[in-house]
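Participant: Those protein sequence lines, which keep their order, are chains A and B. If you're matching positions, the first sequence starts at 1 in the working numbering and goes up one per residue. If you're matching positions, the second sequence starts at 1 in the working numbering and goes up one per residue.
Some clues are possibly wrong.
What the hints assert, rightly or not - In the EDC-like style, the derived pairs of lysine to aspartate or glutamate whose C-alpha atoms are separated by at most 20 Å in a straight line are:
id, chain 1, residue 1, chain 2, residue 2
1, A, 49, B, 63
2, A, 49, B, 102
3, A, 58, B, 102
4, A, 49, A, 98
Claimed, not checked - One side only, chain A facing chain B, incomplete, derived with CB under 8 Å:
id, residue
5, 66
6, 99
7, 103
8, 104
Please keep in mind that the hints were generated in silico from the structure rather than gathered at the bench. For every residue, glycine included, the Cβ atom is placed at its ideal position computed from N, Cα and C.
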Amino acid sequence: AQSVTQLGSHVSVSEGALVLLRCNYSSSVPPYLFWYVQYPNQGLQLLLKYTSAATLVKGINGFEAEFKKSETSFHLTKPSAHMSDAAEYFCAVSGNNDMRFGAGTRLTVKP
Amino acid sequence: DAGVIQSPRHEVTEMGQEVTLRCKPISGHNSLFWYRQTMMRGLELLIYFNNNVPIDDSGMPEDRFSAKMPNASFSTLKIQPSEPRDSAVYFCASTERAGGPEDTQYFGPGTRLTVL
Chain A
1 AQSVTQLGSH VSVSEGALVL LRCNYSSSVP PYLFWYVQYP NQGLQLLLKY
51 TSAATLVKGI NGFEAEFKKS ETSFHLTKPS AHMSDAAEYF CAVSGNNDMR
101 FGAGTRLTVK P
Chain B
1 DAGVIQSPRH EVTEMGQEVT LRCKPISGHN SLFWYRQTMM RGLELLIYFN
51 NNVPIDDSGM PEDRFSAKMP NASFSTLKIQ PSEPRDSAVY FCASTERAGG
101 PEDTQYFGPG TRLTVL
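Just chain B, same shape as in the assembly:
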C-alpha cells in the first residue's frame, strides 16, 4: 500500500491567499484526521471524520479553516485567507475503523506551509 498521501509537500504563499491541502487516506480506512504541528503548540488535532462525516472540529482554529471529505479516498483542508501564523506542518492520518480508539493512526508525510 502507498500509505497516506499528502499534497503538496511544501507550500509557500502570501498572506491573504487561499491555501488548499490535500490528503488521500489508505484504501479501506474509515477515519481521517487532520493535525497541525508547530514548535510552540506541538501536535494539535484540528478535525476528524468517520465514514466521511465530520465528527469533531473543535480544534479548528477559526472560521478561516474548513475541511471536507467528499468521498472515502479524498479530503481537503482549506485556509482562506491565510495568515503568517498559519505557518506549520499539516499532517493527515487515517485509521482502519471508524471510532476505534485502539486503532493505529497512519500518518502522511505532511505539508509544510509557509505564509509570508
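Next comes chain A alone, as it looks inside the complex:
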C-alpha cells in the first residue's frame, strides 16, 4: 500500500521568496512520485515526477523536487516565488496500478 503525507495545508510566502512544500511517502514497493498543481476551477496538471532515473527532478515553471529515500521525502522547491504560483499543490505516489494523492497544500504568494 502507498500513501503520502503533505505537511502543512497552507503555506504563505512573499513574492521572490523560497517556496518549500513538504511531502513524505510510504510505499511497500519502489515508488513513483509526482507533484501536481491545481489552479482554481481547473483539473490537476503535472509539475514533475520521479521515476528512479535521477533523485533531483526538474519540472515546469522553475520547480524541482529531490527524492530522499533515507528520509522517505519528496519535497517541492522553487527558489523565487511568483504571484502566478498561487495554487494548490498535490503530492502523489504510485507503486502499483493506482495513484494516491496527498491532502494538498494551498500556496499563497504575497506581493
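Following the hints, complete the assembly by docking chain B onto the known chain A.
Facilitator: Here is chain B on its own, set in the frame of chain A:
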C-alpha cells in the same frame, strides 16, 4: 490534442434525481480514472479502467454509484439516486498505458455537481 473532455462542467440537480457525468479520454490512452474532490475528503479515487475493463472500484462509495466504459473513447459515471452529500467536483483522468504506475495522469477540467 484536446485533452480529457468532461461534460457537463456544472450540474445542479435535486435530491433523488439521476445524474450522469461523461468523460472522453485522450485519444490513444488506455487507462481511465474517476476521482471525487471535496473539501472534507480531498481527492478520492472512485474507480479506474484498463483497456475499458474496470480494475478497481473499491473507492465507489455505495451502490448508488456506477461507472461504465463501453469503448476506448467514452466513459460515464452515474449516480442514482443522488443525495446532497454527493455534491463535489468529479474529475476524469487518463494515462497512455494500461497499468503503467509511472505514467502521468492527464486530468479533465472536472464536473462540479451540486445536489440540492
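Participant: A separate judgement is required for each hint: does it hold in the structure or not?
Facilitator: Going through the hints against the structure:
1. A:49 x B:63: violated (35 Å)
2. A:49 x B:102: holds (8 Å)
3. A:58 x B:102: Judged against 20 Å, a Cα distance of about 16 Å means the pair holds.
4. A:49 x A:98: holds (15 Å)
5. 66: Given a least distance of 18 Å, the restraint on residue 66 of chain A is violated.
6. 99: The hint holds - residue 99 of chain A has a Cβ within 8 Å of chain B, the shortest such distance being about 6 Å.
7. 103: holds (5 Å)
8. 104: Interface hint status for residue 104 of chain A: holds (6 Å vs cutoff 8 Å).
Of the numbered hints listed earlier, those contradicted by the structure are 1, 5.
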